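Q: Chains as they are written, first to last, in this note's numbering: chain A, -19 to 63; chain B, 2 to 228.
Any given hint could turn out to be false.
[To be verified] Here are the simulated distance ranges between beta carbons: (1) B/GLU37 x A/GLU16: 25 to 35 Å; (2) B/THR154 x A/ASP30: 51 to 61 Å; (3) B/TRP34 x A/ARG18: 30 to 40 Å.
[What the hints assert, rightly or not] Calculated Cβ distances over 12 Å to all of chain A for the following chain B residues: (4) GLY11; (5) LEU104; (6) ARG105; (7) LYS107; (8) GLY174; (9) ALA202; (10) GLN214.
Bear in mind the hints are in silico, worked out from the structure with no lab data behind them.
All values reported here derive from a predicted model rather than from experimental measurement.
In this text, a Cβ means the ideal position worked out from N, Cα and C, and glycines have one as well.
Letter by letter, the chains look like this.
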Amino acid sequence: MKLVKVHITLKEGVLDPQGKAVQGSLNTLGYDNVKEVRVGKYLELTVNDDANIEAEIEEMCNKLLANPVIENYKYTVEEGVVQ
Amino acid sequence: MKFAVIVFPGSNCDRDMYYAAKDALGEEADMLWYQEANLEGYDAILIPGGFSYGDYLRSGAIASTSDIVVQLREQADKGVPILGVCNGFQILLESGLLPGAMLRNKNLKFMCHFENLIVENNDTLFTSKYEKDEVVSIPIAHHDGNYYCDEETLARLKENNQIVFTYENNPNGSVADIAGIINEQGNVLGMMPHPERAVEAILNSDDGLKLFQSMLENWRERYVAGA
């Protein structure tokens, strides 16, 4: 088994109202060093070993996990826990 | 004229849509469960608002992978009128039948109230009974109605006159005040405001009725001899 870790973030230039609100709160708490917050998603996929896994992940990200109009994705493939 | 209303798990404006077509407009309508629906033989397809699949992942994302979307694409290619409202619009965006995407409202709030819309394009089968630049009162009810597209896409929408409705006072942060857009072919309309909730005076507005009447008039002109 492999463990795929997918990170999805809003593209640069796409407004992130949620990130802005979080940034405002952090600043209110006194963390003035925080200049920008972008909120994204993190997914873990446990998948069967397959030589073609990278191509499949790309496809999954483009078809469903991320919306290419507004989001970028990146992923890593790691050795998963043996079940 | 025969309308199909597609019902997804989590749709909640399906009955309003059915009511608008069946009772307010006075035409035939069927509510079709998405897994069993056969869209052949319908004159128009309505995708209602709601929260299909609980808005998991992104609004409309899960619904856009269901088999019914394959049928929707076929009907869209054949020129059958398709109207997606609210979550229906989000599903059309996620399935690529319309360009762009939805972001969370700029104020991060779910908003539910009447908005004034401007009819930017009345030369469509959905808006022919409106005047150009007519201001109509139609309610919105959404959390993810902040329409986004890149500049290239926006330029194309403008060039092809695909922006059908804009907000008079943009409530959600949408690019170019966009409330509704149509595909290049002119038969797939997506809009966040709910015309089906404004089809008789007792609902505080009947400004949405003309949208359904436009569809009916267009269908009669096309398919009913002597009309």
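Q: Are the hints correct? Go through all of them and say.
A: Verification of the supplied hints:
1. Range check, B/GLU37 to A/GLU16: about 48 Å between beta-carbon atoms, so the 25 to 35 Å window is missed.
2. Range check, B/THR154 to A/ASP30: about 35 Å between beta-carbon atoms, so the 51 to 61 Å window is missed.
3. The beta-carbon spacing between B/TRP34 and A/ARG18, approximately 39 Å, falls within the hinted interval of 30 to 40 Å.
4. Non-interface call for B/GLY11 relative to chain A: holds, since the shortest CB-CB distance, roughly 17 Å, exceeds 12 Å.
5. B/LEU104, annotated as away from the interface, has a beta carbon of chain A within 12 Å; the closest lies near 7 Å.
6. For B/ARG105, the requirement that its beta carbon stay farther than 12 Å from each beta carbon of chain A is not met, with the minimum near 6 Å.
7. For B/LYS107, the shortest C-beta to C-beta distance to chain A comes to about 5 Å, within the 12 Å cut-off, and the non-interface label is violated.
8. Annotated as non-interface, B/GLY174 brings its C-beta within 12 Å of a C-beta of chain A; the closest such distance is 7 Å.
9. Every beta carbon of chain A lies more than 12 Å from that of B/ALA202, the smallest distance being close to 36 Å; the non-interface claim holds.
10. Residue placement check: B/GLN214 keeps its beta carbon more than 12 Å from all beta carbons of chain A (closest about 33 Å).
Checked against the numbered hints listed earlier, the structure breaks hints 1, 2, 5, 6, 7 and 8; every other hint is satisfied.
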